[in-house]
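Top to bottom, those sequences are chains A and B. For what it's worth, our numbering labels the leading residue of the first sequence as 1, then goes sequentially. For what it's worth, our numbering labels the leading residue of the second sequence as 1, then goes sequentially.
Hint data in this document are derived by calculation from the structure and do not stem from the laboratory. Errors might be hidden in some of the hints.
Going by beta-carbon spacing under 10 Å, a handful of chain B positions derived as facing chain A [unchecked claim]: (1) ARG93; (2) ALA374; (3) PRO376; (4) TRP377; (5) ILE459; (6) ASN466; (7) ILE523; (8) ASP530; (9) ILE531; (10) VAL565; (11) ASP567; (12) VAL568; (13) THR571; (14) GLU590.
Here are the computed lysine-lysine pairs in the PhoX-like style, where the Cα-Cα straight-line distance is at most 20 Å [unchecked claim]: (15) B/LYS321 x B/LYS209; (16) A/LYS160 x A/LYS146; (17) B/LYS225 x B/LYS209; (18) A/LYS4 x B/LYS503; (19) A/LYS23 x A/LYS192; (20) B/LYS209 x A/LYS4.
Estimated spans, in silico, between C-beta atoms of each pair [stated by the list, open to error]: (21) A/GLY19 x B/ARG551: 24 to 34 Å; (22) A/SER168 x B/GLY458: 54 to 64 Å; (23) A/ASP235 x B/GLY458: 27 to 37 Å; (24) B/SER463 x A/THR31: 53 to 63 Å.
These numbers come from a predicted model, not from an experiment. Idealized CB from N, CA, C, for every residue including glycine.
Now for the letters of each chain:
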Amino acid sequence: MSYKRPSFRHPGAAINEIGFHQKDYEGALSTLCAGCGHDSISAAIIQACFELAIPPHRIAKISGIGCSSKTPTYFLANSHGFNSVHGRMPSVATGAVMANRDLTYIGVSGDGDSASIGMGQFAHVVRRNLNMVYIVMNNGCYGLTKGQDSATADVGSVGKAGVPTMFSSIDLAGLALELGADFVARSFSGDKDQLIPLIKAGISHNGFALIDVLSPCVTFNNTKTSTKSYSYVRDHMGSTSIADFVPEKSEITATVAPGESKMIEMHDGSIIELTSLAEGWDPGNRLSAINAIHNANLKGEVLTGLLYIDAKQPSVHQLLNTTLKPLNSLNQDELMPGVELLERINAEFR
Amino acid sequence: MDFSLFFPPDYSCHDSTFVKLKPTDLKDPEYFHKVVDCQYACPAHTPVPEYIRMIALERYDDAYMINWESNVFPGVLGRTCDRPCEPACRRGRIEEKPVAICRLKRVAADLKGDITSRIPRGPFPSNGKKIALIGGGPASLTVARDLAPLGYEIHLFDEQKSGGGFMRSQIPAFRLPEEVLNEEVNYILDMGVHKHFNTYVSSLKEILKQDYDAVFIGTGAPRGKDLPKLDGRWDAKDHVHIGIDWLASVAFEHREKIGKKVIVVGGGNTAMDCCRTARRLGGTDVKVVVRSPFEDMKASAWEIEDAQREDIPILSCHNPKAFVTENGVLKGMMFSRVEAVYDDQGKRKLVPLDEPDVFIEADDVLMAIGQDNAFPWIEKDLGIAFGEWDMPVVNKTTFQSTLPKVFFGGDAAFGPENVITAVAHGHQAAVSIELFCQQMDVHDRPNPLTNLFSQKMGIHEWSYDNAIVDDHRYNVPHANKELSLQNRKLEVELGFDMPTGFKEAQRCLNCDVQTVFQESRCIECDACVDICPTSCITFTTNGDEEDLRHRLTMPALNTTQDLYVSDVLPTMRVMVKDEDVCLHCGLCAERCPTSAWDMQKFLYNVSKASHVCPSAVV
Ligand SMILES: Cc1cc2nc3c(=O)[nH]c(=O)nc-3n(C[C@H](O)[C@H](O)[C@H](O)COP(=O)(O)OP(=O)(O)OC[C@H]3O[C@@H](n4cnc5c(N)ncnc54)[C@H](O)[C@@H]3O)c2cc1C
Ligand SMILES: Cc1ncc(C[n+]2csc(CCOP(=O)(O)OP(=O)(O)O)c2C)c(N)n1
Ligand code: SF4
Ligand code: SF4
Ligand code: SF4
Ligand SMILES: [Mg+2]
């Protein structure tokens, strides 16, 4: 078995605005099963970060436990990383985000990691609007521990073990909407044209961005009877719209007739351009998104695309008025403002 | 809300009005043949990666025999081949330099053991046929090698005292030691060839009167060009030499000295051999003077480098104007300065410059300005048609002339080329002679022998070494310059030693191990697309070739390399692979969950005379 990817790349490979090749965003050769959807998501993250021209050392990737949570080894080798404890990625991410608001945070989790053991943690990063992209590599099972049903497995879905799932499933996108998330999207590992713009938009979003990515487990949950298999997702996939991410500074050359398209300006000046909007769905209307998800789920369909966005809400930093500088760069003067200031503050309470 | 609108029939961007590429036909052996760039470019289609793997396995005898089967003179070619394979080598498209294919061939020849038991040895049962080969160069010797084991009685004629043709008379010993040439020529002569050396054939009519079933003409292009009308050409003629004649006289030890100051006129490989030989025969001030600009010189880059390393200056854009003599003694040559001007089509014209002429001193001048064919010994009434430039009319596939029993090959057929081309011609002419003598149609060529078989050994295990090394091309060491300039027989290049040979062999990308795609197995998971280091694979809707080439992950701009296109997949897309920079690393197949990709070794052997009637082989 190969343990190393050859170091040669296509001689015509581009460099991005800051002089890096896509290769500079890659990681080690994956040890996941051949054909695992998670590897495609890793490839999408690599491409998104390359195209956004984020300096690799300004990114932190944080994960929990699971095949999905192993993937940060397979991308962004030149970035910061913390492979934490099962279900505890949100806590570690919270600490990191509080300590340094200048980095780009990519949280990677699985459906087991987020919807079972980490459910409580998940809920709280959502409601706090922590600045991060939270990517769930959702395969409907515990891949790493040999494929037990997870909490996102649909009732009646039958994986390799051969026993239909008995309990009703948790829809993480729906739940995030209920909990007040301002950026909620769903995608499929096998559709990079859709996934990459969504990751870019999620990274640009000020606050918490959830992307629930269906990511078939080829080994334990890619049976004909599973609702998380490649063929099921492909056959039942629909989308709210086609999202295109237009980075800040670039000229917008949309040719779509008004009404068919919508431009959403992000906090950093970049734009999400949505075209072919599904009728009755409004990306800025939380209720229409919740409705759309429920209706799709009822029909056994998989609704993908950007589900809801509100780019104007304050993130955790604005809510808490956190310091602009990374904690490790604060000097003594800033940390100990002196007796005079203390006196003044105390005086306010007298 | 009408939610059915959320679910448009996806992937239906497939437009049926498009002209679509047909799925690649893998039954056509030429498809994969073309992927093996080096083998495809080699005139004799030597299975290059196969022998390079043998070298890496230290199986030098096998590496040698693979070469011997295809190109007959591995030891000679490993030192002197024009190596058209190297500019074609894929490695040169992904990093700076190609694999040192040619020098690896020498490794096989140098490090092999005694392989005589693997060379066919007579006496062979006779097939009752008798043929004459005129000229003893690589073309004729190849015909002899292919036909002797089939039972032909072979008569080889050459005016020289031994076989090898220009390999012996022209290629200097410091590039090709005599022992190496003798060994490989003798493998053939020892098959029972009747040798008629020191025999100049002065009449083809006489040959045709004898009872030969077929005649092969491999007499090369033996006439060196002259400048007969140049001022002073004949005033000191003992010191003005035709390059190839002079080289032959050195090779056959009729000449051991040259003056101190030497001008070599010409810019091809012959000029390089002349100047370097002159350096070894007493020339201390040897100059190459060429009409064209330096960049346009015909000599191979490595031959020019070797000459320069021996302190031989090359003066370009100097047009010969006159030989300067005093009282019948050569003093030097006068040159006028020219400049190259290129028109819109890139066609070159040499325009005289308004500058004073340049005088260069010389005791001797060697003229290396090209060779011509010459067939004064072929009577014009034999039924052999001659066309443009007095060249015989020869069929490019069968090598048959307009007189059915007479065949041409090597430099005699279409003008001066090189050894490997002469060998390739020899193989095909032998096929024709066998067909002709068996009363079969010479145009009905036997198919190449091909084979395609999986390299899979375990779930992620291949029977070839699929890891890709980063090493840059290794340089061959050279002998001490002072010593080699004193001895014209001392070989300059020393060849790779065993460890370096191994490391250079590892640079080969195994382009004959093909990526074979089976669409019925593919679940379109994208794993192969994601893993491919050089972005070769794309799943997309079909289109016409021009359109598809631009829609791939990396645009496929090298149109000399084919696209591999699958049949339609369940999502209505097709798999398109650009073969251009595939590393044959096997990762696509390792990461494919369903083995839709497999790595399969493709062997391609050019048809030989022995394939015409397989039962005739002993
Ligand atoms: C100086 C020089 C250096 C070269 N170096 C290289 C090199 O490094 N690598 C390379 O690949 N190629 C090289 N070549 C080219 C190469 O030698 C020829 O292309 C090749 O040898 C052609 O082979 P052939 O079988 O057609 O004929 P030749 O090798 O030319 O052999 C023809 C033989 O026929 C004999 N002959 C001709 N007429 C008659 C007759 N009427 N009767 C009897 N005998 C006759 C000649 O004496 C000669 O021995 C070089 C050529 C020259 C001139
Ligand atoms: C505290 C704790 N409990 C249980 C486990 C065992 N365990 C490891 S991975 C895993 C489930 C992973 O599932 P998921 O997050 O969906 O990842 P996947 O492997 O499917 O990508 C479990 C239960 C653990 N490592 N730690
Ligand atoms: S890498 Fe090896 S097989 Fe590929 S073209 Fe070069 S020599 Fe031939
Ligand atoms: S063998 Fe497969 S993975 Fe490797 S370069 Fe070729 S197509 Fe890409
Ligand atoms: S890895 Fe195999 S199954 Fe997956 S897309 Fe490639 S060929 Fe198809
Ligand atoms: Mg899982």
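How the hints compare with the structure:
1. ARG93: Cβ of B/ARG93 sits 7 Å from chain A, so the hint holds.
2. ALA374: violated, 47 Å
3. PRO376: violated, 53 Å
4. TRP377: Interface hint status for B/TRP377: violated (53 Å vs cutoff 10 Å).
5. ILE459: At 8 Å from the nearest chain A Cβ, B/ILE459 passes the 10 Å test, so the hint holds.
6. ASN466: holds, 7 Å
7. ILE523: holds, 5 Å
8. ASP530: For B/ASP530, the interface hint holds, since the closest Cβ of chain A sits about 4 Å away, which is under 10 Å.
9. ILE531: holds, 7 Å
10. VAL565: Result: violated, 19 Å to nearest chain A Cβ.
11. ASP567: Where the cut-off is 10 Å and the nearest Cβ of chain A is about 18 Å from B/ASP567, the hint is violated.
12. VAL568: violated, 15 Å
13. THR571: holds, 6 Å
14. GLU590: holds, 6 Å
15. B/LYS321 x B/LYS209: violated, 48 Å
16. A/LYS160 x A/LYS146: At roughly 10 Å apart (the allowed maximum being 20 Å), A/LYS146 and A/LYS160 satisfy the hint.
17. B/LYS225 x B/LYS209: At roughly 33 Å apart (the allowed maximum being 20 Å), B/LYS209 and B/LYS225 break the hint.
18. A/LYS4 x B/LYS503: Holds, at roughly 19 Å.
19. A/LYS23 x A/LYS192: holds, 18 Å
20. B/LYS209 x A/LYS4: At roughly 69 Å apart (the allowed maximum being 20 Å), A/LYS4 and B/LYS209 break the hint.
21. A/GLY19 x B/ARG551: 24 to 34 Å: At roughly 27 Å between Cβ atoms, B/ARG551 and A/GLY19 fall inside 24 to 34 Å, so the hint holds.
22. A/SER168 x B/GLY458: 54 to 64 Å: For B/GLY458 against A/SER168, whose Cβ atoms are near 43 Å apart, the range 54 to 64 Å is violated.
23. A/ASP235 x B/GLY458: 27 to 37 Å: With a Cβ separation near 34 Å, A/ASP235 and B/GLY458 satisfy 27 to 37 Å, so the hint holds.
24. B/SER463 x A/THR31: 53 to 63 Å: Violated: the Cβ-Cβ distance is about 23 Å, outside 53 to 63 Å.
In summary, the numbered hints that this structure violates are 2, 3, 4, 10, 11, 12, 15, 17, 20, 22, 24.
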